[in-house]
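Given next are the chains, with one letter for each unit.
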Amino acid sequence: GAVVSQHPSRVICKSGTSVKIECRSLDFQATTMFWYRQFPKKSLMLMATSNEGSKATYEQGVEKDKFLINHASLTLSTLTVTSAHPEDSSFYICSVRRLAGHNEQFFGPGTRLTVL
Amino acid sequence: DAKTTQPPSMDCAEGRAANLPCNHSTISGNEYVYWYRQIHSQGPQYIIHGLKNNETNEMASLIITEDRKSSTLILPHATLRDTAVYYCIVETNSGNTPLVFGKGTRLSVIA
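Chains as they are written, first to last, in the working numbering: chain S, 204 to 319; chain A, 3 to 113.
Calculated from the structure, these hints are not laboratory results. Please note that a few of the clues may not be correct.
[As the list claims (entries may be wrong)] Within a straight-line C-alpha distance of at most 30 Å, the following computed DSS-like cross-link-like pairs (lysine-lysine) qualify:
hint, chain 1, residue 1, chain 2, residue 2
1, S, K269, S, K244
2, A, K5, S, K267
3, A, K71, S, K223
4, S, K223, S, K244
5, S, K269, A, K105
6, S, K267, S, K223
7, S, K217, A, K5
8, A, K5, S, K245
9, S, K267, A, K71
10, S, K258, S, K245
11, A, K71, S, K244
12, S, K244, A, K105
13, S, K244, A, K5
14, S, K245, A, K105
All values derive from a computational prediction rather than experimental measurement.
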């Protein structure tokens, strides 16, 4: 069964609006979650690391005031794309890493954002 | 800098074995080789990983050369549902760090 869920799976919004994407760890508590972005025919690019109870860590070139991350509990992280523009249209994927067993990283199903 | 090199695309006939190569000539002694795949419009899926011994699970086999500078992921009987982008990733498997994805290999399984 799914280990990580995302909601919504797809969203279409008008330019200038804000969009919130939820990421839930279903099988285990996660003090850290990761947010990636993927443009068409491109690979996944890490945007930020979400830390429970503290500020997120953003990768170089990712605007922290535009992509707000809140990791309020051990199973939920949210990414809010503020004042979205067409260039923010992308596939957003969250993930968690299990620090046991194979130590593999589990990915959510992704959220397709289209900004008109 | 990319730690791995993979061919951009490969074709495989349905029912045949798919052999996906990966070069990682600068791999360190404490780094593992991980393989993930991403089916179109889905999140990546873990396949297998290894340090130096060959590994096999229900999905695939991983063959790592003795010098660890390259590896091959083998899907023994490819099906149409195996069509995906396959990513070979090298990392230390310690701590809570995110995976860094390269460009991967786009495998097309053909009927």
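Hint check:
1. K269/S to K244/S: 24 Å, holds
2. K5/A to K267/S: Holds - the C-alpha atoms of K267/S and K5/A are around 28 Å apart, at most 30 Å.
3. K71/A to K223/S: 42 Å, violated
4. K223/S to K244/S: With a Cα-Cα distance of about 24 Å, the restraint between K223/S and K244/S holds, given a limit of 30 Å.
5. K269/S to K105/A: With a Cα-Cα distance of about 26 Å, the restraint between K269/S and K105/A holds, given a limit of 30 Å.
6. K267/S to K223/S: 14 Å, holds
7. K217/S to K5/A: 39 Å, violated
8. K5/A to K245/S: 17 Å, holds
9. K267/S to K71/A: 38 Å, violated
10. K258/S to K245/S: 28 Å, holds
11. K71/A to K244/S: 28 Å, holds
12. K244/S to K105/A: This hinted pair holds, its Cα atoms lying about 9 Å apart.
13. K244/S to K5/A: 20 Å, holds
14. K245/S to K105/A: 7 Å, holds
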